[in-house]
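Visitor: Residues per chain are reported as follows:
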Amino acid sequence: MINAILVLGGIGLVMGLFLAFASKKFEVEIDPNVEKIMDILPGANCGACGFPGCGGYAEAVALEGANPTLCAPGGSDVVNAIASIMGGEGADPNAVKQVARVKCQGDNSKTTKIYDYDVEIKTCATASLYFGGDKSCWHGCLGYGDCVAVCPADAIEINARGIAVVNEEKCISCAKCVKECPKNIIEMLPENQKVTVLCNSKDKGATARKSCSIACIACGMCVKACPVTIKNEDGTERKAITIENNLAKIDPEHCINCGLCSMKCPTNAIENQIKEVKKAEIIEEKCIGCTACARVCPVDAIEGKVKEKHKVDPEKCIGCGLCYDKCKFDAIEMHVTEIRK
Amino acid sequence: MDLGNLFGIIFGSIFINNFIFAKFLGICPFMGVSKKVESSIGMGMAVTFVMTLASAVTWVVQNYLLDPYGLGYLQTIAFILIIASLVQFVEMAVQKTSPNLYKALGVFLPLITTNCAVLGVAILNIQEKYNFIETVVNGMAAAIGFTMALILLAGIRERLEYADVPRPFQGVAIAFVTAGLLAMAFMGFSGMKI
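Listed in order, the protein sequences are those of chains A and B. The opening position of the first sequence corresponds to residue 1 in this note's numbering, with each subsequent residue numbered one higher. The opening position of the second sequence corresponds to residue 342 in this note's numbering, with each subsequent residue numbered one higher.
What the hints contain is simulated information worked out from the structure, not anything from laboratory work. Just so you know, not all the hints are guaranteed correct.
Said to hold, decoys possible - Calculated from the model, a selection of chain B residues having no Cβ within reach of chain A, i.e. all distances over 10 Å: (1) I474; (2) L501; (3) F517; (4) T519; (5) F530.
To be verified - Quick list of simulated restraints, FRET-style, between CB atoms: (6) A:G321 <-> B:K376: 53 to 59 Å; (7) A:K170 <-> B:F352: 57 to 63 Å; (8) A:G55 <-> B:F352: 40 to 46 Å; (9) A:K170 <-> B:K376: 28 to 34 Å; (10) B:K437 <-> A:K170: 40 to 46 Å; (11) B:F365 <-> A:E157: 56 to 62 Å.
Cβ coordinates follow ideal geometry from the N, Cα and C atoms, glycine included.
Can you build the whole structure from these sequences, using the hints too?
Guide: Below is the structure:
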C-alpha cells in the first residue's frame, strides 16, 4: 500500500517536475498585445480582414504591424480599441458601415425558369455552370443560397420567392457573400445609401425586359430625373446616376438619396428605402435671406432675393433635405407629406 | 542482437498485427483525422514520436519500479500518467523548436493523450516480455503501421469526396465501410509467422 502510493506519487512528482522544468526551458514568449487584441476582436473568424481568423489577424497586427483598421464586423469601436493598444490613429468617426446588397429583385414571380434544375446538390455555383443557371435572366440571383451558407452572421436568407435578401442590421460587412456569389450580384454599399439600383442585368433593354419584369432596361429616365450634376475632370458633366453597359449605376459619393430616379423608373428596378416623402418649409421669422438654401437646392425649388424671406415651391421640392442641413438658423423644417408603399 | 528477430517485430507490427486493421485500436483519430492526406501525415508523425518515447519510458518504469515492488496492478494508471506527461512535453518542445510544425499539427497533438493505441502498445510490450531495444523498435513499428493506415484511408476518402455516394452512406458511414474493407484486405497477412 505504502509502496503503491510512493511509486505512483513518485512518478507523478518526477513527471511534474520534469514538465515544470520543460515549460521554463521551452517557454515561448507571446506578445501580450496579441492576447489583448484577441480579446477585443469579435471572434467571428469571418476572414474579412484577409488573415486566417481573428487569431491570425491579432498576431499580424501586434507583431507584423498590419493595418489595424481591417476588422469590418467590429466597426469603429474595435478599431479604436486596437489603436489604443498599438498606438496610432483611431477610426474615422465619419466612417459609414458598409452593408451587402443583393442587386436583383427578379424573384420567381418576375422571372421564369428556362429548365428544370433537378439535381442532388443544388448550389448557385453548380447551377451557373449549366447555361448560367436556370433563371430566365442570365444576370439574376439563382436563389440556391451559396451566400447564405457562407455568411458568418446569418444575415442572408432566401425568401419565399427564391431570392437572396440581406438583413442589413445583422450584416457585419465581411463581404464574404460578395466573393461567393457566382453571378457577382452582391455589392458592398454604404448603409446610408438608401436608393439603390436593384438589378444586375447588362442585357439590352428589350432582352432584359423579356427575361424579367423588374429589370433595368437602360431607358435613361433616371439619368434625366437626377438633380445632381457633377463636373468631370475633363470639363464634361455627368449625373449621380449613369447608364453603363445597359445598366443604371448610382454613384454613392454624390447621390443625395432624393429618390427621384426611383419614382421615375418605369420598371421599378430602383429601390428607395426611404418611405417618407418629405417637403421643406421655410419659417419666415427665422429666415434672414442668406440664399445658402437656394444655392444648395438641386432642383431650384427655393426662390428669394438676398436679405429677403425665401420660399419653397412644394411642387418642385423633392425633400432631399440638403437645405435643411445647410441652414444655420434652423429656419427650415422638413414635413412628412406622404408615406410611400 | 538478433536482427532477424527485430525484422520480425517490425513486419509483424506494421502488417500482421496492424494496430488499426488487426487490433482495432485508436479508431477515434483514425476516423477523425483521415479526411486529408496532409493532416493525416502530421498526425502520424506526432503519434510516431509519442509512441516510441512512451514505449521506452513505460518499459523502464515497469521493469525498474512496478515489477520490483510487486505493483503490476498499477500498470494502467501509471502508464496513462506517463503518456499524458510525454504528450504535454512533446507539445511544449514542438511549440518552441518548430512553430510551423506546431501550427500544422494543431489540435492533434493533445489528442494523442487519449489515443488508446499508445497505451495499447505500451501494455503489449510488457505482455510480450520484450527487452528494451525490442520495445522501442516495436513502439516505432506500431506507430508506422498506424500512420500507414491513416494515410491509406485518407487517400481513399479524398477520392470519395467526388464519388456519388447514396445519401444514407455519406460521411462517416462510408468511411467506416471503407475501413472495414481495408481491414479485410489486411487479414491476408494474418497467420503469417516470421
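Visitor: Honestly, which of those hints from before does the structure not fit?
Guide: As far as the earlier hints go, only 11 is violated by this structure.
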